[in-house]
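Engineer: Chains as they are written, first to last, in the working numbering: chain A, 1 to 472; chain B, 1 to 472; chain C, 1 to 472.
Do not take every clue at face value.
[As the list claims (entries may be wrong)] Quick list of simulated restraints, FRET-style, between CB atoms:
| hint | chain 1 | residue 1 | chain 2 | residue 2 | range |
| --- | --- | --- | --- | --- | --- |
| 1 | B | A147 | A | S2 | 52 to 60 Å |
| 2 | C | T316 | B | P324 | 45 to 53 Å |
| 3 | B | T261 | C | R267 | 37 to 45 Å |
| 4 | C | E454 | B | R148 | 30 to 38 Å |
| 5 | B | S266 | C | E280 | 33 to 41 Å |
| 6 | C | T204 | B | A227 | 47 to 55 Å |
| 7 | B | S266 | A | R205 | 33 to 41 Å |
| 8 | A | I4 | B | T316 | 57 to 65 Å |
| 9 | C | D300 | B | P324 | 28 to 36 Å |
| 10 | C | D299 | A | R205 | 55 to 63 Å |
| 11 | B | T278 | C | T204 | 29 to 37 Å |
[What the hints assert, rightly or not] Listed next, the stretches of chain C that the computed footprint assigns to chain B, with coverage defined by at least 3 CB atoms under 8 Å from CB atoms of chain B:
| hint | segment |
| --- | --- |
| 12 | 393-403 |
| 13 | 441-448 |
[As the list claims (entries may be wrong)] One-sided and incomplete, this derived list gives chain C residues near chain B with beta-carbon spacing under 8 Å:
| hint | residue |
| --- | --- |
| 14 | Q18 |
| 15 | E335 |
| 16 | T337 |
| 17 | R367 |
| 18 | E368 |
| 19 | L372 |
| 20 | G374 |
| 21 | G406 |
By construction, these hints were calculated from the structure, which means they are not laboratory data. Quick reminder that beta carbons are idealized off the backbone N, C-alpha and C, glycines included.
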Amino acid sequence: MSEIELHPDRLLPTDPRQRSIARRLYDAVARLPIISPHGHVDPGILARDEPFPDPASLFVVPDHYVTRLLHAHGVPLDRLGVPPGNPVTPVEPREIWRTLCEHWWAFRGTPSRYWLESELVEVFGIRLRPSAENADRLFDELSERLARPEFRPRALYERFGIEVLATTDDPASDLADHKALAEDPTWKGRVIPTFRPDAYVDPTRPDWPRAIERLGAVSDVDTTSYAGYIEALEKRRAYFKAHGATASDHGAPDAGSEPLTPSEASRIFAAALKGTATPEEATAFRRHMLTEMARMACDDGLVMQLHPAVLRNHHTATYERFGPDVGCDIPTAAEYTRALRPLLERYGTHPNFRIVLFTTDEDVFSREIAPLAGFYPSVFVGAPWWFIDTPDAILRFRAAVTDTVGFHKTAGFVDDTRAYCSIPARHDMARRLDCAFLARLVAEHRLPEDEAIETARDLAYHLPASTFRIAS
Amino acid sequence: MSEIELHPDRLLPTDPRQRSIARRLYDAVARLPIISPHGHVDPGILARDEPFPDPASLFVVPDHYVTRLLHAHGVPLDRLGVPPGNPVTPVEPREIWRTLCEHWWAFRGTPSRYWLESELVEVFGIRLRPSAENADRLFDELSERLARPEFRPRALYERFGIEVLATTDDPASDLADHKALAEDPTWKGRVIPTFRPDAYVDPTRPDWPRAIERLGAVSDVDTTSYAGYIEALEKRRAYFKAHGATASDHGAPDAGSEPLTPSEASRIFAAALKGTATPEEATAFRRHMLTEMARMACDDGLVMQLHPAVLRNHHTATYERFGPDVGCDIPTAAEYTRALRPLLERYGTHPNFRIVLFTTDEDVFSREIAPLAGFYPSVFVGAPWWFIDTPDAILRFRAAVTDTVGFHKTAGFVDDTRAYCSIPARHDMARRLDCAFLARLVAEHRLPEDEAIETARDLAYHLPASTFRIAS
Amino acid sequence: MSEIELHPDRLLPTDPRQRSIARRLYDAVARLPIISPHGHVDPGILARDEPFPDPASLFVVPDHYVTRLLHAHGVPLDRLGVPPGNPVTPVEPREIWRTLCEHWWAFRGTPSRYWLESELVEVFGIRLRPSAENADRLFDELSERLARPEFRPRALYERFGIEVLATTDDPASDLADHKALAEDPTWKGRVIPTFRPDAYVDPTRPDWPRAIERLGAVSDVDTTSYAGYIEALEKRRAYFKAHGATASDHGAPDAGSEPLTPSEASRIFAAALKGTATPEEATAFRRHMLTEMARMACDDGLVMQLHPAVLRNHHTATYERFGPDVGCDIPTAAEYTRALRPLLERYGTHPNFRIVLFTTDEDVFSREIAPLAGFYPSVFVGAPWWFIDTPDAILRFRAAVTDTVGFHKTAGFVDDTRAYCSIPARHDMARRLDCAFLARLVAEHRLPEDEAIETARDLAYHLPASTFRIAS
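Working from the sequences, and respecting the hints, build out all of it.
Structural biologist: The following block contains the structure:
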């Protein structure tokens with residue numbers, strides 16, 4: 001009965017004139033290699049290259065876009081195998097998959113369904129629209145495919161046309177998987193780490209003192225003093241850079257960047273290690289460290305990515321039972337103009353500095369991010385992120401920022417995914433939407449088609465490569 | 001000369017492919033019964049079933065969407081018979097009607113004009129476009145019709161195809177009109193009350209002590225103590241539920257929900273009764289009571305509706321002369337993520353709890369409301385409300401929330417009207433727009449048409465019925 | 001090779017039905033005279049009527065929309081001749097022009113490029129698309145034209161069809177250029193000043209005491225007392241009004257309007273003159289003065305324009321080297337509902353009072369500005385301003401406000417430009433977009449075409465003239 005459609009013109013405008021232009025633009029970018037400068041794929045899956053265990057572990061368990069919406073429809077997270085790798089209540093993968101299929105209707109109109117259907121058809125050659133009735137049959141067909149060599153992670157990496165894949169890594173990580181890949185002569189891909197120091201710069205976190213200890217251990221520096229702490233972070237950045245990193249990534253409750261004096265920073269650091277810093281002091285220290293990271297970035301050239309203004313673990317009981325990243329992080333209003341001013345006053349025109357600003361608060365695109373990127377050479381506009389990396393929001397994003405900064409201060413698409421098999425579908429979606437947007441400009445006589453084609457290629461390939469300094 | 005057009009395809013997309021899909025979707029929902037789960041119609045008009053007195057009382061006086069825009073164009077409110085039922089300066093209905101007709105141009109592009117024209121044509125069979133010239137003729141024609149039995153409230157209720165109509169009621173109300181209707185064997189409709197406790201939970205209101213006294217009187221509980229106050233509210237909720245209520249409704253300056261300890265709540269309650277509570281204490285008590293209402297909702301199952309972040313009676317002189325609800329309530333920035341966290345930490349995953357979040361601040365749809373409803377089983381996205389229950393805003397709403405929550409965590413349309421005869425036009429507008437949105441998804445190959453049709457029917461009928469627990 | 005297209009249907013909708021309606025609407029407004037009620041053109045260029053010196057001084061140096069985006073792409077401001085008239089490092093105009101042409105791609109999709117290309121074709125008859133290759137040739141062709149009499153400012157004023165041009169002026173200005181024009185019998189145009197008192201009402205500015213001294217000198221009033229200061233401002237307003245002004249213009253970090261008591265105002269005024277006012281007091285005084293200006297406006301009828309919520313000179317080092325208005329002003333979140341309440345409580349319904357609210361924060365259109373203008377007779381909705389006076393943002397603006405206030409409480413287009421030759425292109429763009437918006441309403445059967453045509457003419461001509469009280 002019902003098949004997945006996956007029309008060749010999906011997501012392109014329906015106006016015939018716009019659609020025919022969009023098709024030509026899309027043809028020029030559809031087969032370009034994928035640059036993925038920011039995401040959360042575990043590099044170990046490529047280092048080990050083992051078959052994916054089952055459809056549930058691949059499509060459901062690690063993808064909090066999927067699990068949160070099932071939870072919103074009344075499915076307890078423990079019936080979904082959450083958190084990945086350490087189920088509180090072990091659930092049969094077949095049960096988890098069935099739950100997803102029974103709720104296929106709940107995903108109507110969402111990008112999750114779009115991505116899942118793209119994956120089923122394009123990665124696995126399955127056209128059946130999932131439902132309660134065919135869940136078992138689909139599970140079996142997918143399981144059969146997953147056992148085949150051509151569905152192992154490395155084979156898919158090649159099939160997906162990935163050129164560079166950036167992961168997100170703890171500064172204390174030894175990057176063993178990255179090293180293993182780099183040293184493996186049979187591996188032709190490029191998987192690079194990203195320095196994500198959130199746990200080490202935010203003393204409001206209960207585990208911060210232990211993190212600082214760990215940081216000292218891996219960097220072989222005494223981190224009981226502020227000076228040692230800074231040195232240790234610099235050494236870890238150098239270590240990451242030596243292993244291919246081109247960027248750091250910063251998530252924070254806000255974009256505050258007010259620096260402290262060195263003596264004030266030392267004092268709060270010491271107090272925080274003893275557990276006597278106030279919440280206000282700890283927050284001031286976290287903001288200070290953002291500017292401190294910018295200072296280091298001027299030196300080592302790692303591109304900063306800033307992802308602020310999401311309240312993590314909104315429902316404490318869920319967090320305590322299932323851990324982080326299970327779907328209960330909720331955005332808050334974002335502010336960059338005042339918050340980032342101290343940092344940009346110092347480093348905004350430094351020739352070696354670069355910062356990419358992301359947001360889940362759409363208002364900020366035309367109000368703050370585009371104006372900042374439209375003046376500071378160092379500031380780039382990040383692609384719509386998380387809740388808004390979706391068809392309509394991507395078009396709204398382009399319409400909001402292009403007037404102020406054009407295309408070439410935007411950083412290109414970022415998939416930000418934990419779902420490995422969704423990477424090609426996500427990049428393809430972004431390319432289609434950028435072509436849709438450009439086609440409208442052409443049809444409204446605002447941009448000549450030759451320049452639109454060049455721009456589409458820049459957005460799909462050249463801009464992510466150059467912005468994140470990962471051009472080969 | 002000029003006739004009202006009322007094209008059968010009005011509000012549907014103009015792209016031919018989208019329009020033909022939209023027509024098919026609209027055909028599937030156009031004649032479904034109306035579920036109106038939230039509004040401000042006086043139940044007495046149905047209980048009494050008397051003819052509407054005149055066109056001005058029907059179309060102008062009670063509709064603050066209309067009176068505020070006339071006021072904005074320089075018409076003093078006292079020339080419009082505001083407030084309804086108690087004119088400060090009595091004005092001839094014919095004069096009021098003429099003022100509206102003279103300003104027909106001022107309503108170009110507004111939903112008020114769309115609704116008024118729909119009513120003229122579809123309810124009254126009048127196609128003449130109002131103007132200064134034909135105002136008197138229209139007044140006479142409308143008056144003639146209003147005198148006929150088929151234009152009485154109950155006849156219109158049937159003609160409108162209303163299945164359920166929820167009113168908004170004071171907790172101290174005896175619900176006499178609801179009772180009268182329920183006991184009337186000739187009445188086949190269903191008019192249910194909604195528990196709206198704002199006046200009883202906000203001690204910043206000058207009349208709060210008297211409200212608490214009234215509450216004690218109707219519930220036969222001593223409300224001079226906090227415990228008695230809580231018991232009285234619980235009894236009134238039970239009374240409302242016994243008379244058909246399925247929901248409560250909460251309007252507040254913000255969505256704050258931080259609970260107090262019982263002793264602190266008691267202390268502030270006592271101080272507020274004596275008039276010695278500070279504004280900060282009174283506000284803290286109001287926020288505490290939101291979570292307290294959620295606690296009661298877990299017990300009795302009344303669905304909470306939350307309408308925050310409107311500054312009421314912005315112009316004090318207007319309020320003092322004409323009272324509330326005359327058009328000078330102005331929205332403010334809304335915030336839910338932090339404000340509702342205390343409430344949702346406690347009851348967000350309670351199986352019996354449900355809360356529908358409304359907003360007049362569009363930013364919040366993609367940033368906060370959709371993410372909250374996309375995780376918490378208890379949270380539903382309310383339809384665009386008040387200033388934004390309009391053609392373009394409804395499409396923006398769908399585009400903003402669908403990516404994150406799909407369709408089935410949205411609550412369906414809510415007309416929120418005081419203008420009885422606008423009910424069918426408002427629901428029809430919402431159905432057309434939902435079909436327009438769905439048609440675009442189909443035309444962009446993002447949703448199969450069979451699922452779009454099912455979704456259109458869910459949005460128009462099943463979701464309001466199920467979300468507000470008023471399914472028959 | 002590449003020519004600029006400048007299609008006759010540019011910016012009109014691509015849907016064929018909408019486009020044909022839009023063409024008819026546009027035909028009705030395309031050739032209407034230009035009313036420019038707010039801008040930053042130097043009246044001296046018309047008073048002196050000298051040839052523009054060179055293409056760089058005309059197209060690049062004074063236009064911070066252009067210089068900021070070049071700076072964002074790494075071009076130092078001193079290579080662009082910024083600030084106008086006083087280059088820190090003198091640069092050859094030809095070099096500046098070449099830099100622009102080399103970066104033509106960076107302006108793809110921006111209104112700056114749209115305006116520049118319109119100017120090249122429509123003002124100068126040049127169709128060549130600028131590039132590194134043809135920069136010199138274009139510079140020569142433009143220079144040749146600029147030397148001709150028909151490209152002098154007054155000849156262009158006539159060619160552009162300008163009926164009224166408002167400038168923005170310092171309250172201490174003697175308005176010599178305005179006087180010279182008014183007294184020149186060969187001059188048929190109308191150039192009117194606008195009273196912009198920011199520097200005189202904000203004691204947080206370091207040069208405030210000197211400004212107050214200057215104010216005293218030009219008004220011949222002792223401004224060392226608060227009473228004298230108020231009298232001096234009133235006299236300057238009268239002086240401006242006598243020289244044709246119909247409006248005042250107010251830029252401020254926020255829209256705060258809380259008045260002080262006279263004694264408190266006097267006290268802070270005295271302290272500020274001595275340099276001992278705290279920042280909080282200075283801010284309170286600035287807010288007080290907004291309401292004080294509204295009081296004066298009730299008396300003299302000057303229309304207030306309010307432009308709040310932009311953080312000026314975000315990058316201090318740039319400001320110190322190049323001065324203000326070079327592209328590093330960044331918007332912040334705006335708030336009007338609470339901020340303007342004190343002012344509107346007092347004067348919101350005064351028959352002589354009028355205030356036009358502008359914003360660079362789009363959220364505020366549907367949430368605050370439209371609701372305020374939809375109730376208060378004195379409040380008008382200002383056109384999208386600065387970062388958002390652009391094709392997509394103008395359509396979003398209409399879609400955001402029309403539902404609540406229709407068309408006739410919006411003030412009409414305002415070009416706000418420093419780039420004289422961009423005036424016709426900017427007004428033409430706004431007319432095309434308003435016609436595009438209206439055409440969609442017609443095609444969606446929400447507005448009859450005869451009323452859309454009348455509305456288009458109102459928006460293009462009658463509303464700016466009447467709102468700003470500059471109707472001849």
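Engineer: So, for every hint listed, does it hold in this structure?
Structural biologist: Here is what the structure says about each hint:
no.: 1; hint: B:A147 / A:S2: 52 to 60 Å; result: holds, 55 Å
no.: 2; hint: C:T316 / B:P324: 45 to 53 Å; result: holds, 48 Å
no.: 3; hint: B:T261 / C:R267: 37 to 45 Å; result: holds, 43 Å
no.: 4; hint: C:E454 / B:R148: 30 to 38 Å; result: holds, 36 Å
no.: 5; hint: B:S266 / C:E280: 33 to 41 Å; result: holds, 37 Å
no.: 6; hint: C:T204 / B:A227: 47 to 55 Å; result: holds, 52 Å
no.: 7; hint: B:S266 / A:R205: 33 to 41 Å; result: holds, 37 Å
no.: 8; hint: A:I4 / B:T316: 57 to 65 Å; result: holds, 59 Å
no.: 9; hint: C:D300 / B:P324: 28 to 36 Å; result: holds, 35 Å
no.: 10; hint: C:D299 / A:R205: 55 to 63 Å; result: holds, 59 Å
no.: 11; hint: B:T278 / C:T204: 29 to 37 Å; result: holds, 31 Å
no.: 12; hint: 393-403; result: holds (count 4)
no.: 13; hint: 441-448; result: holds (count 7)
no.: 14; hint: Q18; result: holds, 6 Å
no.: 15; hint: E335; result: holds, 7 Å
no.: 16; hint: T337; result: holds, 5 Å
no.: 17; hint: R367; result: holds, 5 Å
no.: 18; hint: E368; result: holds, 6 Å
no.: 19; hint: L372; result: holds, 6 Å
no.: 20; hint: G374; result: holds, 5 Å
no.: 21; hint: G406; result: holds, 5 Å
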